[in-house]
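Here the protein sequences line up with chains E and L, keeping their order. Our numbering numbers the first residue of the first sequence as 622 and each following residue consecutively. Our numbering numbers the first residue of the second sequence as 4 and each following residue consecutively.
Just so you know, the hints here were simulated from the structure itself, not pulled from any lab data. Mixed in with the good hints there might be a few duds.
Taking lysine to aspartate or glutamate and the DMTMM-like style, the derived pairs with C-alpha atoms no more than 25 angstroms apart in a straight line are [as the list claims (entries may be wrong)]:
{"#": "1", "chain 1": "E", "residue 1": "K680", "chain 2": "E", "residue 2": "D638"}
{"#": "2", "chain 1": "L", "residue 1": "K236", "chain 2": "E", "residue 2": "E785"}
{"#": "3", "chain 1": "L", "residue 1": "K236", "chain 2": "E", "residue 2": "E804"}
{"#": "4", "chain 1": "L", "residue 1": "K271", "chain 2": "E", "residue 2": "D638"}
{"#": "5", "chain 1": "L", "residue 1": "K224", "chain 2": "E", "residue 2": "E783"}
{"#": "6", "chain 1": "L", "residue 1": "K343", "chain 2": "L", "residue 2": "E150"}
{"#": "7", "chain 1": "E", "residue 1": "K761", "chain 2": "L", "residue 2": "E165"}
{"#": "8", "chain 1": "E", "residue 1": "K795", "chain 2": "L", "residue 2": "D103"}
{"#": "9", "chain 1": "L", "residue 1": "K141", "chain 2": "L", "residue 2": "D100"}
{"#": "10", "chain 1": "E", "residue 1": "K795", "chain 2": "L", "residue 2": "E245"}
{"#": "11", "chain 1": "E", "residue 1": "K787", "chain 2": "L", "residue 2": "D206"}
{"#": "12", "chain 1": "L", "residue 1": "K270", "chain 2": "E", "residue 2": "E783"}
{"#": "13", "chain 1": "E", "residue 1": "K787", "chain 2": "L", "residue 2": "E92"}
{"#": "14", "chain 1": "E", "residue 1": "K787", "chain 2": "L", "residue 2": "D319"}
{"#": "15", "chain 1": "L", "residue 1": "K222", "chain 2": "L", "residue 2": "D235"}
{"#": "16", "chain 1": "E", "residue 1": "K787", "chain 2": "L", "residue 2": "E190"}
{"#": "17", "chain 1": "L", "residue 1": "K91", "chain 2": "E", "residue 2": "D754"}
{"#": "18", "chain 1": "L", "residue 1": "K304", "chain 2": "L", "residue 2": "D319"}
{"#": "19", "chain 1": "E", "residue 1": "K845", "chain 2": "E", "residue 2": "E866"}
{"#": "20", "chain 1": "L", "residue 1": "K171", "chain 2": "L", "residue 2": "D98"}
{"#": "21", "chain 1": "L", "residue 1": "K271", "chain 2": "E", "residue 2": "E794"}
{"#": "22", "chain 1": "E", "residue 1": "K677", "chain 2": "E", "residue 2": "E835"}
{"#": "23", "chain 1": "E", "residue 1": "K761", "chain 2": "L", "residue 2": "E234"}
{"#": "24", "chain 1": "L", "residue 1": "K125", "chain 2": "L", "residue 2": "D103"}
{"#": "25", "chain 1": "L", "residue 1": "K221", "chain 2": "E", "residue 2": "D905"}
{"#": "26", "chain 1": "L", "residue 1": "K91", "chain 2": "E", "residue 2": "E812"}
{"#": "27", "chain 1": "E", "residue 1": "K811", "chain 2": "E", "residue 2": "E733"}
{"#": "28", "chain 1": "L", "residue 1": "K244", "chain 2": "L", "residue 2": "D274"}
{"#": "29", "chain 1": "L", "residue 1": "K222", "chain 2": "E", "residue 2": "D905"}
{"#": "30", "chain 1": "L", "residue 1": "K222", "chain 2": "E", "residue 2": "E785"}
{"#": "31", "chain 1": "E", "residue 1": "K787", "chain 2": "L", "residue 2": "D274"}
Model, not experiment: these values are computed from the prediction.
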Amino acid sequence: MITLGKDEIAKYPFLADAGQYLKDKGFTLQQFGIDPDLKLSIDKAFNRVQVSTEGKIYKSDLIDGEASKDFVLEREVFSFLLAIVLLKLTGMTTLIKRFALAEARRAEKYLEKDLANISDGSKKELAIRIIDDLFSIQIKEQNNHFIIPVSNYLQHSINFHEREWKLINRHVEKGFVFLTPHETVRLIRKELGNYITTKIFNAKTPTMISGFEEPVDKLISLSKKFVTHTITTGEYPPCIKHAIEVLERGENLPHSGRFMLATFLLARNQSVQQIAPLFKNAPDYNERVTLYQLNHLAGTSGSGTQYSCPSCEKLKTQNLCFAIPECDNIFNPLQFGKRRK
Amino acid sequence: MRAKEIKFLEESFKKYYFDHFDLIHVPKRTSEREFGFQKFNSGMIRHMSLKDNKELHLLLMQNIPSDIYCSNAYYSFPNLPMNEKDWKEADLIFDIDAKDLHLECRSNHCVTKCNECNEVSKLSDYCPKCNSSKINIKSLPCKTCIEESKKEVFKLSNILIEDLGVEKKNIQVYFSGNEGFHVYVYESQFQQLGSRERAELVDYLMFKGTIPETFGMKKLKPNRSLFPEIEDKGWRGRFSKEIFGLKSKRSKIVSELISEGYSSFQKKLIDISTTIGAQIDPNVTMDIHRIFRLPGSLNSKSGLTKILCRDIQKFDPYLESSFLDENTVEIMANCPIEFKIKNKKFGPFDNENTTVPTYTAVYMICKNLATIS
Ligand SMILES: [Zn+2]
Ligand SMILES: [Zn+2]
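Start from the sequences, fold in the hints, and give me the full structure.
Listed below in C-alpha cells is the structure:
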C-alpha cells in the first residue's frame with residue numbers, strides 16, 4: 622500500500638483505511654455524535670453526500686489541491702469517512718452509487734492535475750503509483766506524454782464507443798500508446814468509480830450511533846425523493862430504459878443513443894430543463910454544451926426544426942434496439958405501449 | 004474420393020511422416036495445447052491433448068491423418084469440452100491468404116470442377132457441360148499469388164515490430180501448405196487479450212476505423228500544421244509516405260486535401276486501407292479457441308508441407324515445401340492449366356493417362372484433378 626502525505630489523503634481519501642485513520646487521530650465515531658465541534662464534520666459529510674445526489678462534485682476546502690491548514694485537511698478526510706458511515710447507515714444503494722461516482726470525478730480532477738504537474742515530480746510519481754496500485758497499469762512518461770502498453774490500453778478502451786479511442790486513431794509506438802494526462806485519467810474513469818463503490822460496499826456497517834440519526838434520516842428521505850425524480854417508469858420502451866440506465870451508471874452513451882433519448886423525451890413533451898440532468902453522469906458532461914445540443918434538437922435554437930425520434934429499424938442498425946415482445950408491430954419507440962392489440 | 008485414391012494418399016502421407024519426423028514437433032508448453040486431426044473422408048476429432056513428440060509421432064503413424072491441428076491457445080485442461088478447458092492465453096496469430104487479395108492472376112489458375120458430372124473447366128460460375136451450379140473451385144496458386152502474399156507478410160511484420168513493439172525474434176512465418184502464410188507472434192504483451200481486444204488490433208493492422216482528425220483533417224477550419232509529416236512514426240508516417248510520397252510535395256498536396264474537403268478525405272482513408280493496411284483474415288486473429296495446422300504437417304489440400312520460412316524473401320513453396328518422393332505414379336489427369344513443382348512443368352492434361360512423380364500425383368489428387376489409373 623502507498624504511504625500518503627497529509628494532503629494526499631485529503632485528495633484521495635478512499636485510499637485511507639477508514640477505521641485506522643480515525644484511531645490514529647485519536648477519535649471514535651461516538652465522539653463525532655456528541656462533541657459539538659466534531660459535529661460540524663457530520664454536517665460536512667451530509668453535505669458531501671447531498672451534493673453527489675445532485676450529480677455535482679463536492680467542492681472541497683482544499684485550495685488548488687493543497688490544504689492551507691492542518692485542521693482543514695483533517696476535516697476534509699473526516700467528512701469523506703463520515704459520509705461513508707452515513708451511507709452505510711442509510712443502506713441505500715442508489716446513494717452509494719451516486720456518491721462513489723461523484724467522488725471518482727473529484728479524484729479524477731486531482732489525478733489529472735498531479736499527472737500534469739511539472740514543478741513537483743513527487744506529485745506526478747504518486748499519481749502514477751496510484752494508477753499502478755489500483756488498476757495495474759504501468760504508466761511511463763515520455764516526451765511530455767504518458768505512455769502505456771498497448772495491451773493495457775485495449776483492455777480499458779474497449780468499452781469506449783467514440784472512434785477517437787480506437788487504437789488506429791491513437792499515436793502508437795514500440796508497443797506503447799501515447800496519452801495526455803486527461804486521456805490517461807479518462808481511461809480509468811470507470812475503474813476508479815468501481816473501486817470506490819466496492820470499497821464502500823465492503824466497508825462494515827456500524828450500529829446506529831447517537832447523533833447520527835438525524836442526518837441518516839434526512840438522507841433516506843432525500844433518496845426517496847431522488848428515486849422518484851429519475852424518470853424510469855414502466856411506460857418507456859426497452860431502448861430508452863437501456864439508454865437511461867447507461868447514463869445513470871455514469872457510462873458512455875454513444876452520440877446516436879443520446880440523440881435517440883433526447884428526441885424521444887422531447888416528443889413526450891419533456892422540457893430541455895427536465896431532460897438535461899439525465900446527462901449529468903455522462904463521462905464527458907458539459908452543462909452548456911448539453912443545453913445547447915438539447916435546444917438544437919428541440920428546435921428552440923438554430924434552424925427551428927424539431928428533430929424526430931429515429932425509427933426502430935434505424936436503432937437496430939445502431940445497436941440501440943433491445944426489443945421485447947411488447948415491441949411487436951411498432952416502427953418507432955414513440956409508439957411503444959400505444960398500439961397494444 | 005475413391006478408396007483407391009485414399010489408399011495412395013495415406014501411403015504417401017505415412018511415408019512422409021515416417022521419413023520426416025525431424026520436421027514435425029509438438030509446440031512449446033505441449034500439455035497446455037489442444038490438438039485435433041482429421042482422416043481422409045472423415046470428420047474432425049478435437050479436444051485431444053498430447054504429452055510429447057513421441058505421442059505425436061505415434062498418433063501420426065497410427066492414424067495417418069490427412070490434417071493435424073494444434074491450438075494457439077493454452078488451457079488448463081485442453082482435452083475437456085470448450086467451456087471447461089479454462090483458457091489461459093493464446094499466441095497472436097495471423098492468416099494471410101492469396102485468395103483474399105483479389106488478384107487478377109487468379110482466374111488464370113483456378114479451375115472449376117462440377118460436382119454433378121465431374122467436368123473440369125476453366126474458372127466459371129457453372130458447369131459448361133451440364134450447366135449445374137454445384138461446382139468446386141480449385142486454385143493452383145501461381146508465383147504472383149505467393150509474392151503478393153509475401154508483401155502482406157512484410158507489411159504486417161513491419162507494423163508489429165515498429166508500432167506494437169513485437170520483437171523480431173518472436174515472429175515466425177509459415178507457408179500454410181496451400182495459398183498463403185500463417186504468422187505467429189510468441190511471448191508478446193498481447194497473449195492474454197480476449198477476442199474483442201484482438202479485433203481492435205486487427206483494425207489497427209488493417210488500417211480500419213480511421214477518422215480524418217487522426218491525420219490532421221478537421222471539419223471546420225483545417226490547420227495545415229496538423230497534417231502528418233513523412234518522418235512521423237506509425238500510421239501518420241505511413242499515411243504521409245503513401246499520400247505525399249516526397250517531403251517536397253507535402254505542402255501542395257495538403258492544400259489539395261483541404262480544398263477537396265472532409266468527406267473526400269474520409270473516402271481517401273478507406274481507399275488506401277488495402278494498400279497500406281495488412282490484408283489479414285480478421286476472424287482468424289479474433290478467434291481465441293481455434294486450432295491451426297501443425298507446423299511440419301502436410302496440407303491435404305495440396306500434399307505440401309506447412310513449413311517455417313527462414314528466408315521469406317527468397318521462399319518458393321513449390322521448391323521448399325514439397326517433400327514427397329520422386330517415384331513415378333500413373334494417373335488419369337484432368338487439368339486444363341499448366342503448373343510447376345520442383346522446377347518441373349506439368350499439364351495441361353485433358354482427361355489423359357500420364358506418369359508423374361509422387362509429389363505431383365498427390366498434389367493433383369488432393370486438388371481432385373486426377374485419379375489413380
Ligand atoms: Zn457438370
Ligand atoms: Zn496467382
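Going down the list of hints, with the structure as the test:
| no. | hint | in the structure |
| --- | --- | --- |
| 1 | K680(E) x D638(E) | holds, 23 angstroms |
| 2 | K236(L) x E785(E) | holds, 18 angstroms |
| 3 | K236(L) x E804(E) | holds, 20 angstroms |
| 4 | K271(L) x D638(E) | violated, 55 angstroms |
| 5 | K224(L) x E783(E) | holds, 22 angstroms |
| 6 | K343(L) x E150(L) | holds, 15 angstroms |
| 7 | K761(E) x E165(L) | holds, 19 angstroms |
| 8 | K795(E) x D103(L) | violated, 29 angstroms |
| 9 | K141(L) x D100(L) | holds, 14 angstroms |
| 10 | K795(E) x E245(L) | holds, 21 angstroms |
| 11 | K787(E) x D206(L) | holds, 9 angstroms |
| 12 | K270(L) x E783(E) | holds, 19 angstroms |
| 13 | K787(E) x E92(L) | holds, 23 angstroms |
| 14 | K787(E) x D319(L) | violated, 38 angstroms |
| 15 | K222(L) x D235(L) | holds, 23 angstroms |
| 16 | K787(E) x E190(L) | holds, 24 angstroms |
| 17 | K91(L) x D754(E) | holds, 23 angstroms |
| 18 | K304(L) x D319(L) | holds, 18 angstroms |
| 19 | K845(E) x E866(E) | holds, 18 angstroms |
| 20 | K171(L) x D98(L) | holds, 18 angstroms |
| 21 | K271(L) x E794(E) | holds, 24 angstroms |
| 22 | K677(E) x E835(E) | holds, 23 angstroms |
| 23 | K761(E) x E234(L) | holds, 24 angstroms |
| 24 | K125(L) x D103(L) | holds, 20 angstroms |
| 25 | K221(L) x D905(E) | holds, 20 angstroms |
| 26 | K91(L) x E812(E) | holds, 23 angstroms |
| 27 | K811(E) x E733(E) | holds, 15 angstroms |
| 28 | K244(L) x D274(L) | holds, 15 angstroms |
| 29 | K222(L) x D905(E) | holds, 21 angstroms |
| 30 | K222(L) x E785(E) | holds, 15 angstroms |
| 31 | K787(E) x D274(L) | holds, 19 angstroms |
In the structure shown, a violation is registered for the earlier hints numbered 4, 8 and 14, in ascending order.
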